[in-house]
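Novice: Generate coordinates for the entire structure from the input sequences, incorporating the hints supplied.
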Amino acid sequence: MTTTESTTIDQPPGGDALPLPPPDDWVPVEERVLGFDKRTLWPGLVVLAVWVLWVHVVPAINDAIDFDNPVVAGDVVDLGNEELTFVPAVGWNLENGVLLDEEGIVPVALGSGVALVTEDAIGFDVQTAFWDGDAEALLDQVLDIDDALDTVVAADVQDTIAIVNVDGVPGVLAPFRGTEEVGFVATYVFEDVDVNGTELDVGVSATVIAEPTADAEFADDVVAMLRSITYHQMAVEEDEG
Amino acid sequence: MSVTTTTMSDPGLAARYQAIESSGWGRKVKLVQPRNFTFWVMTFVFIAGVLNMVLEFGPNLEAYSTPITQGVVWFTVYGLAIAWIINRLDRYSPIPGRIRLLAFLWGGIAATFGLAIHYNQAIFALLAKTQGISFSNDWKAALSAPISEEIAKGLAVVVVIGVAPRIVRTATDGFIIGAFSGLAFQIFEDVIYVLQTSQGAFGQTGPGINTAITRTILGFSGHWMWTAIFCAGFVYLIGRPLQPARPGLGILMMLLTPVGHFLWNGAPALLGNPSQAVLTLVMIVFTAVIAVVFVAFYRLTLPPEQQTVRDVLQPEVDAGVITGDELDALVARYRQRRTFIKAAGGHAERRTRKHVLEAAHDLGDQIAEARGAETDRVRHARAEIARIRA
Numbered sequence: 001m002t003t004t005e006s007t008t009i010d011q012p013p014g015g016d017a018l019p020l021p022p023p024d025d026w027v028p029v030e031e032r033v034l035g036f037d038k039r040t041l042w043p044g045l046v047v048l049a050v051w052v053l054w055v056h057v058v059p060a061i062n063d064a065i066d067f068d069n070p071v072v073a074g075d076v077v078d079l080g081n082e083e084l085t086f087v088p089a090v091g092w093n094l095e096n097g098v099l100l101d102e103e104g105i106v107p108v109a110l111g112s113g114v115a116l117v118t119e120d121a122i123g124f125d126v127q128t129a130f131w132d133g134d135a136e137a138l139l140d141q142v143l144d145i146d147d148a149l150d151t152v153v154a155a156d157v158q159d160t161i162a163i164v165n166v167d168g169v170p171g172v173l174a175p176f177r178g179t180e181e182v183g184f185v186a187t188y189v190f191e192d193v194d195v196n197g198t199e200l201d202v203g204v205s206a207t208v209i210a211e212p213t214a215d216a217e218f219a220d221d222v223v224a225m226l227r228s229i230t231y232h233q234m235a236v237e238e239d240e241g
Numbered sequence: 001m002s003v004t005t006t007t008m009s010d011p012g013l014a015a016r017y018q019a020i021e022s023s024g025w026g027r028k029v030k031l032v033q034p035r036n037f038t039f040w041v042m043t044f045v046f047i048a049g050v051l052n053m054v055l056e057f058g059p060n061l062e063a064y065s066t067p068i069t070q071g072v073v074w075f076t077v078y079g080l081a082i083a084w085i086i087n088r089l090d091r092y093s094p095i096p097g098r099i100r101l102l103a104f105l106w107g108g109i110a111a112t113f114g115l116a117i118h119y120n121q122a123i124f125a126l127l128a129k130t131q132g133i134s135f136s137n138d139w140k141a142a143l144s145a146p147i148s149e150e151i152a153k154g155l156a157v158v159v160v161i162g163v164a165p166r167i168v169r170t171a172t173d174g175f176i177i178g179a180f181s182g183l184a185f186q187i188f189e190d191v192i193y194v195l196q197t198s199q200g201a202f203g204q205t206g207p208g209i210n211t212a213i214t215r216t217i218l219g220f221s222g223h224w225m226w227t228a229i230f231c232a233g234f235v236y237l238i239g240r241p242l243q244p245a246r247p248g249l250g251i252l253m254m255l256l257t258p259v260g261h262f263l264w265n266g267a268p269a270l271l272g273n274p275s276q277a278v279l280t281l282v283m284i285v286f287t288a289v290i291a292v293v294f295v296a297f298y299r300l301t302l303p304p305e306q307q308t309v310r311d312v313l314q315p316e317v318d319a320g321v322i323t324g325d326e327l328d329a330l331v332a333r334y335r336q337r338r339t340f341i342k343a344a345g346g347h348a349e350r351r352t353r354k355h356v357l358e359a360a361h362d363l364g365d366q367i368a369e370a371r372g373a374e375t376d377r378v379r380h381a382r383a384e385i386a387r388i389r390a
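Those protein sequences? They're chains A and B, same order as listed. Position 89 (the first sequence) corresponds to 89 in my numbering; numbering is contiguous. Position 46 (the second sequence) corresponds to 46 in my numbering; numbering is contiguous.
Simulated from the structure, these hints should not be mistaken for lab results. Being a predicted model, the structure only gives us computed values, none of them experimental. Ideal placement from N, C-alpha and C gives every residue a C-beta, glycine not left out. Be careful, since some hints might not be right.
Where chain B lies over chain A, by a calculated footprint (3+ residues, C-beta under 8 Å) [said to hold, decoys possible]:
(1) 35-41
(2) 45-51
(3) 155-168
Specialist: Here's what the structure looks like:
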């Protein structure tokens, strides 16, 4: 590779030492190209090639492909163990979330399910995790984090509103209206969820963020999706015989 | 240029000079080299990495300050412990501290935030778009990290060859550089995992602590071992002054790393969604296997390093400063060295032997740094050995 790194001793050591090595930054005249040391080109070019490929080429390919995964009638998103679920609105784009009844996949564990559906200028983002507290406390926590992250500014949050899902499980919702975006954060807590024999509470947050110009016709979809977040414990199958 | 190769009257000294010259042992390194192309590319990727790190972490510092602090504190301690092990492995002709630091920072900042993270994020999204969300969830880690992370961390050895070619002379040098790069990558990644766990749990800190514990145990055979093998493999592939090229072995080692990483990341999907207990058991066995493979490859790389120490210190044996047995113990592997120390007899004698070996290595360091000259520091190192024996 670097042929000039001679290991030959060029001079007699004069009895007690090697001659001083050439300074690291000394470039022999025949090794210079455009002011650089020729021998240092290949490692730099290798690193540069990887940088161009990964930081520009691969992301550019990704950007060139649209996320096209429209929800069709009957789709249900599994938010945990096929028991905690949510029904995305038909025609919206499912960008994250595992559908019920998919075969041959690693199932969604309770407390880890997520979903993201988008339409036009609206995003409907669902997060779940074990949560020891009520829906109000969860809402406070989510708003605190959003405020710290500047995704939702505390000053824009109006009063909270009580909500229920289709099963009548209560939740709480905080609408916000900022200059750049409008939306709400809503939370539910499903209590005493059976997780491998242990009863835990699972918190769910739904964050909807829309551009102020978003079409109001999608409001019904948003409400329906929010109410569709439910927990139904799977029936314990009886052993036959 | 006329090269005068002289026959030296003392073949022992000639071998010493040759060893110092060819091993780079004791060489000072200058990192800022404006005429070095690799230096500029490296600096550029570092700046890009730091900027991206600030973008990734910055907004989260306030919202997730507790998990980030816990992660940073814990994995700093953990990182120091593993760095101590790596330094022990680099005990023959050690790599300069600056280069160890460079490899570490490369793995932690440039490789992670300047390179791998961009590729990973794009591949995750591409997989979800083209293969479906479930497929992406199950396979994205297995299909991205083995390529992106192994190459990004492994580039540490390419960068060091570019900026300090005289330092990377043996496969062991590649091994140590890779270990530091991989270690940093690992602990930065661990902190990110703790953060992500907390993000996925509404900012609660408990789940992040579980993640930290899991990553601490399974991380013992983590990135630092993989990258050590990869970088040593790269040295075998291209060959260096003290390491003739062995392309077959080099390619094998470089392929083993991504394949192992793929099996590790893909384990849940490959095993058909096993129970947590089975998965944990498999991971523990896997961890042990990696550790064994790591040690085997480390030993494989050692002979040129051991020969260097022998060549540098043999004149001291001839002069009666240390004994032949002591030199044998010094270049031997850990266990033989311990056997030699234990054979001394009582506690005080064992202690003396241990100290003599350490002092003899100090002498080697000083001789190499002085390039074979009789300096005050060399004389002092020699006097120390006599003092310890007295």
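Novice: Count the residues of the segment 155-168 of chain A whose Cβ falls closer than 8 Å to any Cβ of chain B, and tell me whether that reaches three.
Specialist: violated (count 0)
Novice: With a cut-off of 8 Å between beta carbons, are at least three residues of the segment 45-51 of chain A near chain B?
Specialist: holds (count 6)
Novice: Three residues or more, CB to CB closer than 8 Å: is that satisfied between the segment 35-41 of chain A and chain B?
Specialist: As far as the segment 35-41 of chain A goes, the hint holds, because 6 residues have Cβ atoms under 8 Å from chain B.
Hint 3 from the earlier list is the only one contradicted by this structure; the remaining hints agree with it.
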